[in-house]
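FYI, in the working numbering the residues of the sequence shown are 27 to 133.
Rather than coming from a laboratory, the hints here were simulated on the basis of the structure.
By construction, the Cβ of each residue, glycine as well, lies at the ideal position given by its N, Cα and C atoms.
Fair warning: there could be bad hints in the mix.
[To be verified] Label pairs and their calculated CB-CB ranges:
{"hint": "1", "residue 1": "43", "residue 2": "116", "range": "33 to 41 Å"}
{"hint": "2", "residue 1": "128", "residue 2": "99", "range": "17 to 25 Å"}
{"hint": "3", "residue 1": "116", "residue 2": "56", "range": "34 to 42 Å"}
{"hint": "4", "residue 1": "116", "residue 2": "44", "range": "34 to 42 Å"}
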Amino acid sequence: MHASSVHRAGIGFSERIDASFDELAVSAATKALLDAGIVFSEVDQGVAGFVDRELQVSRECFRVSGEEGAPIVEVDNHSALFVAAQCVASRQTDCVLVIGIDKARAA
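Construct all of the structure, not just a fragment, from the sequences and the given hints.
Here it is in structure tokens:
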């Protein structure tokens with residue numbers, strides 16, 4: 027079986043103490059896209075990671091980021107990058123934006 031290549035193009039982190047989870051997610055996503063050299067309109071799909079149901083990225087983060095109408099999959103943070111890579115490798119999509127919250131942020 028031949029699978030297409032998958033590349034991680036950009037990474038973004040946000041650590042502001044005074045921000046909400048959604049603000050942190052949008053900030054990190056923006057930084058990741060800038061690092062990758064792409065814009066929100068090039069993203070075909072979103073993957074929203076969560077640690078538990080109290081610490082999850084809301085779908086609103088993708089809408090604020092410009093991902094109106096793109097499919098969004100919600101998965102455990104441990105699986106988020108795997109799911110995104112599988113979507114690209116299987117040629118279901120060309121570009122996936124993954125947003126997750128680290129549990130250390132909640133402490």
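Comparing the hints with the structure gives:
no. : hint                 : verdict
1   : 43 - 116: 33 to 41 Å : holds, 39 Å
2   : 128 - 99: 17 to 25 Å : holds, 19 Å
3   : 116 - 56: 34 to 42 Å : violated, 27 Å
4   : 116 - 44: 34 to 42 Å : holds, 40 Å
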